[in-house]
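> Chains A and B, in that order, are what the protein sequence lines are. In terms of my numbering, the first sequence is residues 1 to 630. In terms of my numbering, the second sequence is residues 1001 to 1344.
Since the hints were derived computationally from the structure, they do not count as laboratory data. Warning: the hint list may mix true and false statements.
[To be verified] From the structure, some residues in chain B lie toward chain A, with a derived Cβ separation under 7 Å:
no., residue
1, Q1134
2, N1137
3, Y1150
4, S1152
5, A1154
6, Q1156
7, R1159
8, L1169
9, P1224
10, Q1226
11, F1229
[As the list claims (entries may be wrong)] To be clear about the criterion: a stretch of chain A counts as covered by chain B if any three or more of its residues have a C-beta under 8 Å from a C-beta of chain B, and this derived list gives those stretches:
no., stretch
12, 58 to 66
13, 168 to 176
14, 205 to 213
15, 565 to 576
Backbone N, C-alpha and C fix where the C-beta goes; we use that ideal spot for every residue, glycine too.
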Amino acid sequence: MIAGRDLLHITLQMMRDDLPLAGLALARLEAFAPDDRPLLAEALPEVPGQGYRDCVQSARGQLDRLRRLFAACSGDGGLCTVAPHLSLTREQLEEVQSWLARAWSECAPFEVEQQRLRDQSHELGQLDKSLDELSGLDLDLGQLQEEHSHLNLLLGLVPSENLRRLERALALSGHLILKETLEQESSRVLIAGPNQPGMEPGEVLKAAGFQPLVIPKPFRSSPEEIRKELDRRRHGLARQETALRQKMEEWLNRNRERLTEAGAVLEAALPYLDVGGAARCRGPLAAMQGWLPASALPEARRLLDEHLRHPYFLVQRRPRLDEWPLTPAPPTDHPWLRPFALLVRQYGVPRFGEIDPTLLFALSFALMFGMMFGDLGQGACLALFGLWQRRRLGNFTRLFLIAGASSMAFGLLYGSVFGSEELLSPLWMSPLKDPILLLKIALGWGVVFLSLGSLLAIGNRLLAGDLDGALFDTGGAVHLLLYLSLLGGILGMAKDRGFGTAALALALLLLGLLAARLWRHSDAPFGERLLTVFIETFELVSNALTSTLSFLRVAAFSLNHVALSLAVFTLADMLQGPAHWLMLVLGNLFVLVLEGMIVAIQVLRLEYYEGFSRYFQGDGRPFNPLRLGR
Amino acid sequence: MTHAADQAYLRTRLAIMRGRLRGEEELNALIDLPPATLLEGFGLHSPGGLGQERLLVSFEQSLLQLWLDELTTLLRPLRGPAREILMQWARRYELFNLKALIRGKLNGMPAAAIRESLFRLPAFLALDHERLLQTDNLDELLRRLDNGPYGSLARQARRRFAENQDPFLLDATLDQYFYTELSHRLHSLEGEDLAAMTALIGRIVDRHNLIWMLRYRYNYALSPAQAFFLAIDHGFRIGRSRLARLVEEPSLEQFLAGLPDSICGILGGATRILVIEARMKSDLAAYADHCLRHGTSIIAAVFAFLILRYYEINDLFAIVQARMAGLDDDILREALHPEIREAA
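Same shape as in the complex, but just chain A (with noise of 0.2 Å):
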């Protein structure tokens, strides 16, 4: 229940050219943390790798442009990621490096060619569609490329988004756009002006992203002469691709074993890079500190046994009470609590040290969507959902599972089958039978649930050394105390027996003890201290009254699911035949849908607000080990 309990600080001592291979090794353990503050600085003064890492970055950036490059041409990604090095020199990495920069340089011309390729395509497409459009108007195209004493004339492309600004600074110097063609990135333009010193718009146009669209000479003499010249282009420019393709294959296959060796030696040498400031050193000597559960250690030695190449010495403690907010805590790794952990992550880290509220979340989460959503079909359904969707909600199959089987078990308890009480009898009761009874447990399970977080609370100040905070702060024993005795007293005055003398004692007594606490605390003026001491004691007040109140949606959206699931027999019962059927399904599908949606947001805006607020910091750091295949 403790996060992080058995989490050990591990110094890891050794020669400097086995520390790429200690990250290789603690990577594949996938429960090693670096630690990079600098606790070693002042015996081993250099952080290392800077060269390793420039390396690795280099060669990964030429590996990625290789494998964007032939993305297409290798179709089922020949150029996969594969299994990574279990074995890693310097050597090895140099290689690689030079190699992929070697492969790079040789492939770098197949992508200026590819692009120069899709250029000159889009520039015949536009042609293309330019002489059709220009075709109507009554004008010697051929003119368009000639140079004229008095006209200037361009026929070319420019990024739509220009077009607007380019017309108005043409205007400037006595030109302006005869047609126009707009789509969605270049527009096809045909620009007219008067051929003279001082008016020619060469830099606005170049400022402007114009592209000329060169006419082909057959142009001048006929149409038919200027489709075949098209054609004849189009095809070239279909040869010139298949070329290029083939070409690009013949390299890749050539290449392909070694470019996969590549990338599985890069794989490996990755996990080093995350190493950071973890790792210290001076001369041939090095060190590697970082968390590590104390479960792992005998699995981290055989590891580090079986990579290392030289002696190494591990030096493990416990981490020191000043350590604590430091430490990162490990998330809770059993399988059907891991997507409640990562509910827990949505609102904070638990702090190592504290009590992981994972597991009584899981529980409570259970208990009240299935007191919320009890029925035993809809439950099925939930739970058959998470077994269908299981590959696309991974960790959170379970949680499907679990909430389905709370529902279930809820709906035996109520009788409830797709919102028919009539197909089981209830082994408790049917929610409508005694309404006031359920808002009661509802109630009763409040002030459980709220007592739980002010022991939780209590307990992590506690064992974080703040007795102050363990008895006064929010959550803390004084609350406590104070909430139980106002409760008492309200019970009483529920049963006439009237509000209680020792209830009505203990709570002012406790209240004396908050305000002065508030007031000692305090630095503001007199006036102001009165007030905001007022009015602090008063929300604690009523806070600890509206907390409890808002457990009775629990009881309220089991109501609900009965008065919903009535609504739905009613309008299938003035239906006939196959009609009546169809809304009994769709209905139900609309009850589990859209209800079991808002009982779930409802359950956890209990267990954020109402709990995790009370007793949960959620600061900690979070537990990032060092990973293979990132």
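On the provided structure of chain A, position chain B as indicated by the hints.
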């Protein structure tokens, strides 16, 4: 634009953050401090003067981080167009990085050296620096940008660089792209938010257009058409048609004489571009301060705060940089307030 609760939250946060802004007086007090005390105050004291450049980079990063943290805090309750417009404003840092990458590649700098000069940006700014750093040259870098938000710019730039490798035009195009995107996002706002933001962003555009039109025309001798093409639409006091007339003026003095009276009043007869820039900046800062204190639009107030904080960060960095470089008070004061020499 925002719910009442969010408005209340933002107003409260802004009131707290506004209190943390260093005013003119506090910045002047920093200049008056002995350099060693100043640097020590910011944790930049390095015995032996070693690693000063690194210290300065990390100081700049910490200032940027402060700005981004505040932006993130203010963004939290915002949705839709209001959020979009503030995120676009944050993209100016993305733009700085892009410019640094382009210049670095153009000058053949190694990836590690370019990386040093880049801002570390939060995840919502999507430029993949590492992938761009690993490119061999500018042409490849521009190809990598093809499929991202800067795709259109990259395609234009590729063609342009094939003819002439001059980063100036690309810088200007990037600025234009940034401000045009900012202005476009205005149109999705409504009511008082639209009016207040139009006035605020319009002033930013005015300042940019005025300074850069003067530089393009009279320092770089661009043609009126080319300079006008590089101007940004949606100015507040200098409209498009007036700007078209102004860029055709043969001299800087005639350009300035054609400005509207409201701008002439701000410039106070200044004729040096540096001084004009400083006066326009002071005017914008004063207007931003007014929006922050008295404006009714919460979006404009947030935007105004970010502008003021950005200016403050720039001034603070300039002070620290000057002290680390050992510059004396006069040079530092003139760098921050070029109008001082004009007045003298």
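> Quick one: which hint numbers does this structure break? Sort them smallest to largest.
Violated: hints 2, 3, 5, 15.
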